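Given the structure of chain L, go ahead and fit chain C onto it with the hints provided.
Protein chains: 2
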Amino acid sequence: MRQFLIVGHDAPTTPDFSLDDLAGAAGRLDVLCRCVNSAFFLSHSIREDVRVHLVLGDEFTVRFEGSELRRLNPDERSTAALVRQALEHREDAIGHMPAESTPGVSIRRMGFEETLDAVADGTTLLTLHEDGDPIVDVEPPADPLFVLSDHHDFSAAERSLLDARADERVRVGPEVLHADHTITVAHNFLDTEGFTAY
Amino acid sequence: MRQFLIVGHDAPTTPDFSLDDLAGAAGRLDVLCRCVNSAFFLSHSIREDVRVHLVLGDEFTVRFEGSELRRLNPDERSTAALVRQALEHREDAIGHMPAESTPGVSIRRMGFEETLDAVADGTTLLTLHEDGDPIVDVEPPADPLFVLSDHHDFSAAERSLLDARADERVRVGPEVLHADHTITVAHNFLDTEGFTAY
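In the order they appear, the protein sequences are chains L and C. Read in order, the letters of the first sequence are residues 349 to 546 in our numbering. Read in order, the letters of the second sequence are residues 349 to 546 in our numbering.
Only chain L is shown next, with the shape it has when bound in the complex (with noise of 0.2 angstroms):
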């Protein structure tokens, strides 16, 4: 299965945002709904073996499961209103059990490190980073976890926990790309690594 962990350094941690207003109001929402929409469509499906979770404040994480969505669009504004439904069932995610709020999708009161703790076991944890090895220089794991931070970078504190866990530090290309664009190429690496004659 291939994972995709976004840290949303400016995101809401209430429904109380107006979909109006993604790239302002809702702390840069915009960026995390095109994440998720990179990690899951394809031109005519969408990817099931794909698991995007995305840290909302360093407090709840919204777990957005390929093999159980039924309600995903591609444009930004509906799926912003799913973290906005998974949000307004906040109060039901106690401790760390997860309250599913649409099919597939679920919120839990976890933050950066709660959730890289519960997801990161049996992965392949690979970080971003302009010094990292190209990525098509990695061999492809069977489980990545890529772990990307929204339109701001890592904290000091995110960065080194980060240089703890990471099994591998890659970059995508010579250019530093956009979260949501970098997941795109992520998966293009994965898709044809190995289908040279695709």
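If you're looking for bench data, these hints aren't it; they were derived computationally from the structure. Take the hints with a grain of salt, since some may be wrong.
What the hints assert, rightly or not - From the derived model, a few chain C residues whose C-beta atoms are all more than 10 angstroms from chain L: (1) H357; (2) T361; (3) F365; (4) A373; (5) E396; (6) H444; (7) A447; (8) E448; (9) T450; (10) P451; (11) A466; (12) T472; (13) P489; (14) A505; (15) D511; (16) A514.
Unchecked claim - Short, incomplete list of chain C residues facing chain L, as computed with Cβ under 10 angstroms: (17) L367; (18) L370; (19) G372; (20) F389; (21) H392; (22) P422; (23) E424; (24) H499; (25) D528; (26) T532; (27) H535; (28) D539; (29) T540.
If you're wondering where the values come from, they're calculated on a predicted model, not measured in any experiment. Here a beta-carbon is modelled for each residue, glycine too, at the ideal position from N, C-alpha and C.
Here is chain C on its own, set in the frame of chain L:
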């Protein structure tokens, strides 16, 4: 220069659409907005050597000029607002003369074939096709023009026109991707090609 021409079959040709329903009443304008995002945005800058042509309903073409863009933001809604502003100037686009609506954004009274005629000169025209050659096997052109369709396939007429004009028929991987993801992969291919030591 890298150019991307995206055909919006259901896209609006008048400015009387709501920014609140881009994926519905606005004819999947969200798809075209994500294509603009993928074509121009790097993590910390805009790709200035890029030009995007959005064909709207085979009536108008809105051009985004990377070197002149001033007000482009990554979210779908604000990009749709720029398209709507361009459509507000559609009456100023007389004959084939462009009308600039905001810095780097202009509208022309040209459909798909006219736009293709106008921009293909001196470019290497690449079309995306499931049976195309893997893009990694293609010599990266100096001035590629990628022609893509929105959420619909090309019409028979568009396809035959492209088959007659295309210099290369390529695919970006074993999976068929959305147009905006295809643009991201194409950029990454052009960015990394020849940069094995990036």
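Status of each hint after checking the structure:
Every CB of chain L is more than 10 angstroms from the CB of H357 of chain C (nearest about 15 angstroms), matching its label as outside the interface. Against the 10 angstroms criterion, T361 of chain C stays outside the reach of chain L, whose nearest CB is about 20 angstroms from its own CB. The claim that F365 of chain C is not at the interface with chain L holds, since no C-beta of that chain comes within 10 angstroms of its own (minimum 14 angstroms). Distance check on A373 of chain C: its Cβ is at least 12 angstroms (rounded) from any Cβ of chain L, clearing the 10 angstroms threshold; non-interface status holds.
Every CB of chain L is more than 10 angstroms from the CB of E396 of chain C (nearest about 13 angstroms), matching its label as outside the interface. Remark: the non-interface label on H444 of chain C is consistent with the geometry, its nearest Cβ contact in chain L lying 32 angstroms away (cut-off 10 angstroms). With 10 angstroms as the threshold on Cβ separation, the claim that A447 of chain C sits away from chain L holds: the shortest Cβ distance comes to roughly 27 angstroms. No beta-carbon of chain L is positioned within 10 angstroms of the beta-carbon of E448 of chain C; the least distance is around 24 angstroms.
Distance check on T450 of chain C: its Cβ is at least 17 angstroms (rounded) from any Cβ of chain L, clearing the 10 angstroms threshold; non-interface status holds. Interface exclusion of P451 of chain C from chain L stands, the closest Cβ pair being 19 angstroms apart, more than 10 angstroms. Taking the minimum C-beta to C-beta distance to chain L, about 28 angstroms, the non-interface status of A466 of chain C holds against the 10 angstroms cut. Annotated as non-interface, T472 of chain C keeps its C-beta farther than 10 angstroms from every C-beta of chain L; the closest such distance is 21 angstroms.
No beta-carbon of chain L comes within 10 angstroms of the beta-carbon of P489 of chain C; the shortest separation is about 18 angstroms. Interface exclusion of A505 of chain C from chain L stands, the closest Cβ pair being 21 angstroms apart, more than 10 angstroms. For D511 of chain C, the shortest C-beta to C-beta distance to chain L comes to about 20 angstroms, beyond the 10 angstroms cut-off, and the non-interface label holds. Distance to chain L confirms A514 of chain C as a non-interface residue, since its nearest Cβ pair spans about 19 angstroms, more than 10 angstroms.
Annotation: L367 of chain C was flagged as interfacial toward chain L, and the flag holds, the nearest CB pair being 8 angstroms apart, inside 10 angstroms. Contact between L370 of chain C and chain L, as hinted, is supported at the beta carbon level, the nearest pair being about 6 angstroms apart and thus within 10 angstroms. With a cut of 10 angstroms, the hint placing G372 of chain C at the interface with chain L holds, because the nearest CB-to-CB distance is about 9 angstroms. Because the beta carbon of F389 of chain C sits about 6 angstroms from the nearest beta carbon in chain L, less than 10 angstroms, this interface hint is met.
The interface hint given for H392 of chain C holds, since its Cβ lies 7 angstroms from the closest Cβ of chain L, which is under the 10 angstroms cut-off. At its closest, the beta carbon of P422 of chain C sits 7 angstroms from a beta carbon of chain L; the interface hint therefore holds under the 10 angstroms criterion. This hint holds: E424 of chain C has a C-beta 5 angstroms from the nearest C-beta of chain L, less than the 10 angstroms allowed. Taking 10 angstroms as the C-beta cut-off, the interface hint given for H499 of chain C holds, the closest approach to chain L being about 8 angstroms.
Nearest Cβ of chain L to the Cβ of D528 of chain C: about 8 angstroms, under the 10 angstroms cut. The hint holds. For the restraint placing T532 of chain C at the interface with chain L, the shortest Cβ-Cβ distance is roughly 4 angstroms, inside the 10 angstroms limit, so the hint holds. Look at H535 of chain C: its Cβ gets to within about 8 angstroms of chain L, closer than 10 angstroms, so that hint holds up. Given the 10 angstroms rule on beta carbons, the hint for D539 of chain C holds: about 5 angstroms separates it from the nearest Cβ of chain L.
A hinted interface residue such as T540 of chain C counts as satisfied when its beta carbon comes closer than 10 angstroms to some beta carbon of chain L; here the least separation is about 5 angstroms, so the hint holds.
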